[in-house]
Every structure is written in structure tokens, then in C-alpha cells.
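Visitor: The chain contents come next:
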Amino acid sequence: MSRPTLIALKTATWIVCLAPFCWLVWGAFTNNLGPDATGAIAFTTGRSTLRLLAVTLAISPIRRLIPRLAWLIRFRRLIGLFAFFYATVHVLTWVALYNNFDLHNMLADVVRRRYITAGMAAYISLVPLALTSTAWSIRKLGGKSWSRLHTLIYFAALCGVAHYWWQMKPGVLTPLAMTVVIAALLLIRLIPARRSSRAISS
Amino acid sequence: MLISKPPDLPSSEITSRGDYFRYLTRRRFLKGATAAGVAALGADRLGRLISPRTTVRAGAKLQTVPSQLTTTGEQLTPYDDITHYNNFYEFGVDKGAPAENAASLPTRPWTVKVEGKVARPLTFDIDDLLKLRPLEDRVYRHRCVEAWSMVIPWVGYSLSEFIRKCNPLPSAAYVQFISYYNSRVEQWSGEDPGISWPYSEGLRMDEAMNPLTLLTFGLYGETLPNQDGAPVRIVVPWKYGFKSAKSIVTVRFVDKQPPTTWNDQAAYEYGFYSNVNPNVDRVPWSQKTERRIGLPFYEQSRTTLMFNGYTDQVGSLYSGMDLRKFY
Chain A
1 MSRPTLIALK
11 TATWIVCLAP
21 FCWLVWGAFT
31 NNLGPDATGA
41 IAFTTGRSTL
51 RLLAVTLAIS
61 PIRRLIPRLA
71 WLIRFRRLIG
81 LFAFFYATVH
91 VLTWVALYNN
101 FDLHNMLADV
111 VRRRYITAGM
121 AAYISLVPLA
131 LTSTAWSIRK
141 LGGKSWSRLH
151 TLIYFAALCG
161 VAHYWWQMKP
171 GVLTPLAMTV
181 VIAALLLIRL
191 IPARRSSRAI
201 SS
Chain B
1001 MLISKPPDLP
1011 SSEITSRGDY
1021 FRYLTRRRFL
1031 KGATAAGVAA
1041 LGADRLGRLI
1051 SPRTTVRAGA
1061 KLQTVPSQLT
1071 TTGEQLTPYD
1081 DITHYNNFYE
1091 FGVDKGAPAE
1101 NAASLPTRPW
1111 TVKVEGKVAR
1121 PLTFDIDDLL
1131 KLRPLEDRVY
1141 RHRCVEAWSM
1151 VIPWVGYSLS
1161 EFIRKCNPLP
1171 SAAYVQFISY
1181 YNSRVEQWSG
1191 EDPGISWPYS
1201 EGLRMDEAMN
1211 PLTLLTFGLY
1221 GETLPNQDGA
1231 PVRIVVPWKY
1241 GFKSAKSIVT
1251 VRFVDKQPPT
1261 TWNDQAAYEY
1271 GFYSNVNPNV
1281 DRVPWSQKTE
1291 RRIGLPFYEQ
1301 SRTTLMFNGY
1311 TDQVGSLYSG
1321 MDLRKFY
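Protein sequence lines correspond, in order, to chains A and B. Following my numbering, the numbering of the first sequence begins with 1 at its first residue and continues without gaps. Following my numbering, the numbering of the second sequence begins with 1001 at its first residue and continues without gaps.
To be clear, the hints were calculated from the coordinates, so they are not data collected in a lab. Hints are supplied without guarantee of correctness; some may be wrong.
Derived pair list, reagent style DSS-like, types lysine-lysine, alpha-carbon separation capped at 25 Å [to be verified]:
1) Lys-169(A) / Lys-1288(B)
2) Lys-1325(B) / Lys-1113(B)
3) Lys-1256(B) / Lys-1165(B)
4) Lys-1165(B) / Lys-1095(B)
5) Lys-1288(B) / Lys-1325(B)
6) Lys-1095(B) / Lys-169(A)
Just some of the chain A residues that point at chain B, by a computed CB distance under 10 Å [said to hold, decoys possible]:
7) Thr-11
8) Leu-33
9) Asn-105
Cβ atoms here follow ideal geometry from the backbone N, Cα and C, with glycine treated the same way.
All chains should be built: construct the whole structure from the sequences, respecting the hints.
Guide: Below, the structure is given as C-alpha cells:
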């Protein structure tokens, strides 16, 4: 890929990834986030996190299926870090707007409410992934253990989906589409690599 | 949405919406007016162009009188938010669904049946109910068990005034309120498959007779929009919102605690009393704080008050009761 193309695509990725955040900032400024602004912030950042996690998870399977698109790997870290960015804003919403920084309240929340437990587990498992996202970390850890560490993203995605369902009212099926996508992206990894690569080469 | 104006209200008696500014202090009015002016000229308008929140005025104006029992010192939640952020599961479980779907609710003709432990069963026509007592403007805080709240200028009169007309027998210890239900009109009512309709709520007789409990016909000086429980509902401001039954068709006086919809769903979450109580946690939501609807995100959070701030008026109803047990 030529350098100008790469720069153009990276710029586009930044724009797309930042769009929900810009929408929130704009909405907050113009008092246009709907009746429950806090709820809108929580929902938008949570949904963006899961969407970007799904895109991050999609890159490896796509490369396996379509070797021509192998260059997509150059975008995975950026998108993964954006997922972490939205997860962080999401958690800060909970800390500041829902709990007024009340540590006691937050701990009680984590223990008592399974959707908070799952959400917190997802976020905590994303932290080491963000911290070891640099090329230096990969060298330092060695590719193998770095890869093993980064399988935590599967756990994060599962917890994220559970968190999404558990905070919904019964009867609301909004999380269904995201659940199907993430389940497919995780299940596709169970197909042994050799068989699929032979299928491609034949 | 079409609601015919009660025919016997001459237009000269109609209260103008502007009268609501009476409830604001002069300073807040000026502050609010300045802010509104700036907002109208500036970004707010642009924002609404992109995602307009339409103001559909459903209501006919009601003639009202002031009330001693009104809550002062709170900024009113905007009409658009009160009418577009609703829990009314018969019309869908999403907050925005009732505003979209409730137009089909047939609010005229409408009668309210009174039955059970009464001297004799009665049926009231809605237009007679509207004239039974002078309609009062009552601003109340409204606290949902989902940890959000509003400040709403309701229109109605104390339920006790209505109950006196019903001549309940001494054996009437509770009052049950049953909401309108028609599965063809409310085709969204299956979205939460656990609920068996019609919606039912109830109060102990002394709670129902407390002057704060409002038989409610309107908000912001106009008849209730359908999604807010037209044409008549109750409002019990010291209890979580689900206790305030909407679109009431039957009032039944009973000698035992009646079955109530959310209590039937999950008794450990939704007690029969369900008084607003920051000290009694629920599994889905902490009740210590709440989000005030319609404010910028950084101004929404507030500390939840015992009995939603109405302890002086209703605290004595529960003296000697363990409110952790009777939650």
C-alpha cells in the first residue's frame, strides 16, 4: 500500500471512530441529547465500544479468508485503542455521572449488580491490552506471549455482550444484532487454521 | 392527535400557558428567558434542525386554581421531555414508544367504574369528574424506580375528594386502580411477555386519602397527553412512579391488599409500598441518587430524598413500620 493511501485510510478511520464522540460533544453543547443526556452518553459510548471491539475482532478472520486484505492488520491497533477510549469514557460516565465519584456506591454496584460486574470485568481486561499496544511491548513480551495476553479481548467481548443484555429491560432485543456478530467472530476462530488456509489455497 | 375540548368550557375561562411563569421566581424567570433567547438564536436551533424534538400539543386548556400543596423552588421539566420519556408498557417498552403509539388510546367517551366495598357501585363520566372539584395546579417531583426524576406541573384535585363521593364502606382498607386495557389498541403490550394485563395498582386507604395523592387530569395546564395517562390517572409523589396508575377505568375498594402489576412481576424488587427510599437498594438500580430529566448532563445528578422529599406530609403514615421490610 502506498504511503498516501495509508495516510488517507488512517485519516478516514480516525474520522469514523471519532464521529460518535463528536456527536456527543455537539449534543451536550446544544442540549440536544434527548430527555436523558446522561443515559444518551452512557448508551452511545457503550455501543461504540462494542462496535469497535467487533471491528477489531473481525480483522484477523477477514485476513485469513481474504489474504488480499492482509494490510487491514495495520488498522487493528488504532481501532482497538478507540474501543478502549470509548470504554474509558463509558466507565467515567458511570463514575462521575451515575455515582458522583462515591467509591462506596461504586463498589456496592460492582458486587450487587451483575451487569456492572460484567462491564467492569470487560473494562479491566481491556486495560492490559491498551497498555501493551505498542511495538515495544510486543518485542519485550515476545510475539507468542503477547498474542496469548491479547486473547483477553475474547473475554472482554463476551463480558461486554453480557453487560449489554443484563442492563436492558426484559423484552428489549436491541443487543441481539451485536450478540450475533460477536458470537460469529468468536466462533469462526474455532475453525482450525490449517483447514481454512487449505480451503483458501485450493 | 385529536382530543375534543370539553364542550362546556368557554374560551374566556381558559388559562393561558404563560401563567406558568407565576411559579417561577422573578429571577429565575429572567434568567430562563435570557437563556431561552440566547438558545433560540444560537446553537440550540441548529441542533434541533438535525434532530427535531417536535412539540405536539395534545391537550385542551383546563381552567385551574393555585394550590397550597404545590412543590416550590424546583425548575420544571420541559413539556417535551415529560411527554417523550415515558414508561407505559401497554404502548411499548422503549421510553419513546408511548409518544409514538398512544395516539390510538380512545379517551372519549370514558367512564370510571367504582365498585367493591362501597355503599353502591357508581360510574362516573370523565366530563363529570373534571367538574367534580376545582382543578388545581400542583407541581410535584416525580421519581421513577429506574433512578430518574422529573418536576411536573400536574392538574387535578386530591383523590380524597373523589373517594368521599364514592361512599366507601368501613371495611374498605385498600383502593385498587385498574388501567384501560385492549390488546387491539395496545398491540405493543406483549413486548414484555411477563406482564398480565390490565395494569393494576393499589394504595392503603390512608395513603389514598392523603391530600397529596392527586387524581390527575392534566399537566402544564392542559389535558393529559395520552402517553402520560389520559384522560385520568393518579399521582402519588412520594412513591416510585409505577405506583401512579395511568388511564384509570376502574376504582375498586377492597378489604385486603390488592394484587399490583410490578409486585406480581418481582415482589423482591417492587414492594407493595414502594415509597421512595434512598436507603433501600434495588437489584437493578441503586436508589441513592437520581438523574433529573431534561437538564444538561453535568446538572442531572441529585441525591434522592426520603419519601421523595415529602416526609413532612406523609412520614406519619408509616410511623412504627420497618420500611426495610415494607419496602
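Visitor: Would you settle whether the hint for Thr-11(A) is holds or violated, based on the nearest Cβ-Cβ distance to chain B being less than 10 Å?
Guide: violated (24 Å)
Visitor: Can the restraint linking Lys-1325(B) and Lys-1113(B) be considered satisfied, given a maximum Cα separation of 25 Å?
Guide: violated (33 Å)
Visitor: Would the hint linking Lys-169(A) and Lys-1288(B) be met if the CA-CA limit is 25 Å?
Guide: Answer holds: Lys-169(A) to Lys-1288(B) is near 21 Å, not above 25 Å.
Visitor: Quick one, are Lys-1165(B) and Lys-1095(B) close enough, alpha carbons at most 25 Å?
Guide: violated (36 Å)
Visitor: Regarding the pair Lys-1256(B) and Lys-1165(B), is the alpha-carbon distance no greater than 25 Å?
Guide: holds (21 Å)
Visitor: Under the criterion of a CB-CB separation shorter than 10 Å, is Leu-33(A) in contact with chain B as hinted?
Guide: Where the cut-off is 10 Å and the nearest Cβ of chain B is about 7 Å from Leu-33(A), the hint holds.
Visitor: Given a cut of 10 Å on the nearest C-beta pair, is the interface hint for Asn-105(A) held or broken against chain B?
Guide: Holds: closest Cβ of chain B sits about 6 Å from Asn-105(A), inside 10 Å.
Visitor: Hinted pair, alpha-carbon criterion (25 Å max): Lys-1288(B), Lys-1325(B). Please report holds or violated.
Guide: It holds: about 18 Å lies between the C-alpha atoms, which stays within 25 Å.
Visitor: Are the Cα atoms of Lys-1095(B) and Lys-169(A) separated by 25 Å or less?
Guide: holds (11 Å)
Of the hints listed earlier, those the structure fails to meet are numbers 2, 4, 7, in rising order.
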